[in-house]
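Let chain D serve as the given structure and place chain F on it in line with the hints.
Letter by letter, the chains look like this.
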Amino acid sequence: MESSTTQLRFFQHIKSLLPPNTSFVDAIADLLNISNDSAYRRIRADKPISFEELQKLCVHYKVSLDQFLNLQSDAFIFTGKLGNEVNFVFENWLQEVLRQYSIISSFEKKHIYFLLKDLPFNVHFEIPELAAFKCFVWMRCFSGYQVDKGIKFSFDYPGFEEHNAIGQKIVNVYNTIPTTEIWNTEGINTTIQQIEYYHEAGGLVSRDQALILFDKVELLVNHIEKEAEAGLKFKIGEQPNQASPAYRLFNNELILGDNSLLAELGDMKVAFLNHSFMHFVGTRDKTFTTAIFTNLNNLMQKSTLISASDERDRKKFFNHLRDAIHKRKALLT
Amino acid sequence: MQINNAQVLFFQQIKSLLPPHISVVDEIAKVLDISTDSAYRRIRGEKPLSFEDMQKLVVTYKVSLDQFLHLQTTGFIFAGNLGYTSGDFVVEYLDNMLQQFEFMRGFDHKHIYFLPNDIPPFAYFQVPELAAFTFFYYKKSLLHLEDMKEMKFSVKELNEEHVKLGIKVQASFNHIPSTEIWSIDTINSILRHISFYRDTHVFETKEDIICVYDKLDGLINHLEKQAECGLKFNHGQSPAKDAAAYRMYHNDLITGDNCVLAEIGDKKVTYINHNLINFMYTRDEDFNKYTLNTFMNAIRKSTQISLIGEKARARFFDCLRRKIQVQREAINHY
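Line by line, the protein sequences give chains D and F.
Here the first sequence is numbered in numbering that gives the first Met the number 0, starting from 0 and rising by one per residue.
Here the second sequence is numbered in numbering that gives the first Met the number 0, starting from 0 and rising by one per residue.
Next up, chain D with everything else stripped away, as it sits in the complex (with noise of 0.2 Å):
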């Protein structure tokens, strides 16, 4: 009888997930509820498992048969959390997003390529007004999230200091990790339209609100342009001192980014896609990963480097962005 070469290294792989004084053979034969005999013919695979032995097996020792499966295979295993569709936890996904920072800032060598279509997300925890609003707006785009939609924004609603806690420890977190970010000067658009947006939208912002809000947009350029021109990351209204990371800047004029993200974990690299708005799913595919890496150095190539250097496109470039934030607000005044 052929055996199956897969069914073999399946019950290897469970065999490793075992304590060593544990009898292999008698737990499989117990969970099986068969013989010892029957379970040795199915680990030696001279007797193919069933759908539901394979079932039994795989929640028992946890084991992923699609990745045990597909690792030889054209498709790639993403892992995220979709929280849950009737009551979502906002504070949960935060506490994710620190927990993914704080995986990669573990690693000695570490880095993190953001392609960006808007501002790095987590920027905005840098000031606690701005950290509030948004906050407001992903609540209500999270599709699970119950909220009553006539509530205005507050700049401290119940429920923000929670969340501002979190956030200042991504932003610390975030802040150890060296990073090169692509975006361009459309990458602004979105956090103005969404000030736009709830303040047309029956008043959600008060005029007054987005003024406030504006400002801090602005107040939160500028210091990126302070990280861009040293070429390091610090937190706001701090200095960079020997231990900053490392920041770069590239300012790509022809394409918008896609918010993708990859990570370098010591030798390993994690690529983290955004989907469903404020959602990521993340490979360590190697095949994946390569083409993303591979794709980031040439945007890389066609673009220009405004951290640390050439200080006149990057004087140019935010002085776009503010001139875009001026003209929005001179529309409210």
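Calculated from the structure, these hints are not laboratory results.
Incorrect hints may have been included.
Unchecked claim - Here are a few chain D residues that face chain F, going by a calculated C-beta distance under 8 Å:
1) D117
2) L331
3) T332
Said to hold, decoys possible - Coverage of chain D stretches by chain F, computed from C-beta distances (three or more under 8 Å per stretch; other residues unrestricted):
4) 44 to 57
5) 92 to 99
6) 185 to 195
7) 287 to 294
On a predicted model such as this, the values are computed, not experimentally measured, just so you know.
All C-beta atoms in this analysis are idealised placements derived from N, C-alpha and C, irrespective of residue type, glycine included.
Just chain F now, kept in the frame of chain D:
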């Protein structure tokens, strides 16, 4: 003889992924390289599938076994191309798209939801000059093809094969009802590409730039007509009696991400754009359900500008035309 019920259900799932006219037995026999009799025995659950057979099937049909067996994981299987072979990129790209649309057309119920970040590429295919410009941009600036380095763009150099194939793709797409959520920034990408190539002297002549702007204007007018009728039809024609529905929404709150959700029969497929040019897809039920909810949430925050909302529609399309006009005026300095 013991019947393996889960195995029977597994084959039923595979069957649901095939176009209605395909014989599941022939398909399975071909994939597993066995006789149709042997395929029958496996489909009926009389003979257990080996791990190798299972692997061949999940890889071929991109079926999630975790989902099928209700295993608690946070993984989603995506499939798609990472690159293109050394042949004609445009033919490969269009063929691939045509296959997907033709597959969807085989089903009674089909619908495409699209949240574009830029004008949907298939909209360009009905205007050969715009299609040529888009493919020029893909090859030169996204795929960075070596032979495109010094290449200049001219509307005179249209490839007949690409034009025909593009129109075929567009015609196929026009048979599928769709819902698109646009913002006034959806047009920015192509305008940015035109102005970048204008500033870097990539256009062969000034007339080429004018032609691209003219054609873009024409396309916007056509899309407005489609929105007005709430129906899809080919550029320069009138809607047919059996024309597919076209629903268009305006939303400036959420920027598009080129995400596509296709309803095919009672199944759903989500396509995610990556590396700016490629798409990968998943049939994961939870993921697709979530994507549909996201679309519905976006629609709730949007203004319908197809069929109804004449004033909002006119304002929206005027805004797009104004953007083109502002850029067109800069040609005088070329």
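A quick look at each hint next to the structure:
no. : hint       : result
1   : D117       : 7 Å, holds
2   : L331       : 16 Å, violated
3   : T332       : 21 Å, violated
4   : 44 to 57   : holds (count 9)
5   : 92 to 99   : violated (count 0)
6   : 185 to 195 : holds (count 6)
7   : 287 to 294 : holds (count 4)
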